[in-house]
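Below are the chains, spelled out letter by letter.
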Amino acid sequence: MNAPESDWIEVRLNGKDQRVPPNQNVAGLLAELGLDPTGVVVEVDGNILQADQYQVTILTATAQIEIVHFVGGG
Amino acid sequence: MKPLVIAGRTFTSRLFVGTGKFGSAEVMAEAIRASGTEVVTVALRRVDLAAPERPDPLLSLLDRDRVVIVPNTSGARTAEEAIRIARLSRAAGGFDWIKLELTPDPNYLLPDPIETLKAAETLVKEGFIVLPYINADPVLAMRLQEVGTAAVMPLGAPIGTNRGVRNGDMIKIIVEQARVPVVVDAGLGMPSHVANAIELGADAVLVNTAIAGAGDPVLMAKAFALGTEAAEMARTADPGGESQLAQASSPLTGFLGTD
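Sequences listed follow chains U and W, in order. Reminder that position 12 of the first sequence reads as 12 in this note's numbering, one-by-one numbering, no gaps. If you want this note's numbering, it's the 1-based position in the second sequence plus 74.
FYI, nobody ran anything at the bench for these hints, they're computed from the structure.
In silico EDC-like cross-links for lysine to aspartate or glutamate, where the CA-CA straight-line distance does not exceed 20 Å:
{"#": "1", "chain 1": "U", "residue 1": "K16", "chain 2": "W", "residue 2": "D122"}
{"#": "2", "chain 1": "W", "residue 1": "K296", "chain 2": "W", "residue 2": "E104"}
{"#": "3", "chain 1": "W", "residue 1": "K76", "chain 2": "W", "residue 2": "E112"}
{"#": "4", "chain 1": "W", "residue 1": "K192", "chain 2": "W", "residue 2": "E155"}
{"#": "5", "chain 1": "W", "residue 1": "K296", "chain 2": "W", "residue 2": "E100"}
{"#": "6", "chain 1": "U", "residue 1": "K16", "chain 2": "W", "residue 2": "E127"}
Derived Cβ-Cβ restraints for the label pairs, each shown as a range:
{"#": "7", "chain 1": "U", "residue 1": "K16", "chain 2": "W", "residue 2": "K199", "range": "30 to 36 Å"}
{"#": "8", "chain 1": "U", "residue 1": "G15", "chain 2": "W", "residue 2": "S98", "range": "25 to 31 Å"}
{"#": "9", "chain 1": "U", "residue 1": "Q53", "chain 2": "W", "residue 2": "M307", "range": "47 to 53 Å"}
{"#": "10", "chain 1": "W", "residue 1": "V213", "chain 2": "U", "residue 2": "K16", "range": "39 to 45 Å"}
{"#": "11", "chain 1": "W", "residue 1": "D122", "chain 2": "U", "residue 2": "G46", "range": "17 to 23 Å"}
{"#": "12", "chain 1": "U", "residue 1": "G28", "chain 2": "W", "residue 2": "E220", "range": "46 to 52 Å"}
{"#": "13", "chain 1": "U", "residue 1": "G28", "chain 2": "W", "residue 2": "E104", "range": "35 to 41 Å"}
{"#": "14", "chain 1": "W", "residue 1": "P313", "chain 2": "U", "residue 2": "D45", "range": "55 to 61 Å"}
Among the chain W residues that face chain U by a calculated CB cut under 7 Å, a handful are:
{"#": "15", "residue": "G92"}
{"#": "16", "residue": "G94"}
{"#": "17", "residue": "T115"}
{"#": "18", "residue": "A117"}
{"#": "19", "residue": "R119"}
{"#": "20", "residue": "V121"}
{"#": "21", "residue": "R128"}
{"#": "22", "residue": "S148"}
{"#": "23", "residue": "A165"}
{"#": "24", "residue": "A166"}
{"#": "25", "residue": "N282"}
The beta-carbon is built from N, C-alpha and C at its ideal position, and this holds for glycine as well.
Let's have the full structure, built from the sequences with the hints guiding it.
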């Protein structure tokens, strides 16, 4: 089940390089990061994902991922 | 007192409160309750993936039956960036209300009028209820109203400065010309400042820094609620006009010692 590290791909996550296993979907990434999927929004390569797309969206090398949430603001 | 209506929604409170800069989420939530506000602003930011803990989602602390949550587009420097934030906010929580805030200038955080108008046009077309933060420019306020914004939100002074309404003459012109509600946003530092804004004709006010930055934010939230309500009550009471000459309050007849 666990792919060797050499097969991992590099994505860009919130402005930083991040290595993820091959065939990682967005739901898996959120789980890996300890994030509650209902508390965040995910954008991949400029496309905003709906929650029902988290399972079917597989991360590809060089994907630009933004994970955002609400914070206090005026 | 007349309720405030924005985009068909009725509000009793004319005090909007921002959720930034509070010392803790609990104090923020308590101050929001104490303020009696029905409109609160929030910001959208990257999740800090390096943080050791995942904080409770902000939205879980706000009672969405009681308050309308208005994400802002802070951090955006161009219309394109603001539109992106608005769309993300909609995806994040189904929020259609958006405080359009486009402040490329880091020193005074003054809003860019051209980018603001461009973004407003697009967001209105996409069905957003757009509340644009602007300098107190009556012409821009009219242009925004024409493209369909639900309100206009001129600043009283730069964000976070607590300096009060420094542009009262322009606010008055905006109020005189506007068909949409006018919300004085930014720079209001004391309850007298919000009262001043409402006395100038503003329909509502937005306060964040002055509450969050107070030694006792919950008490200050109440003070701002009272200041806002007092001014609105006075407006409803139809104030007597000003005059140059003194107008005696006591009868001018029946003085002692007269013949």
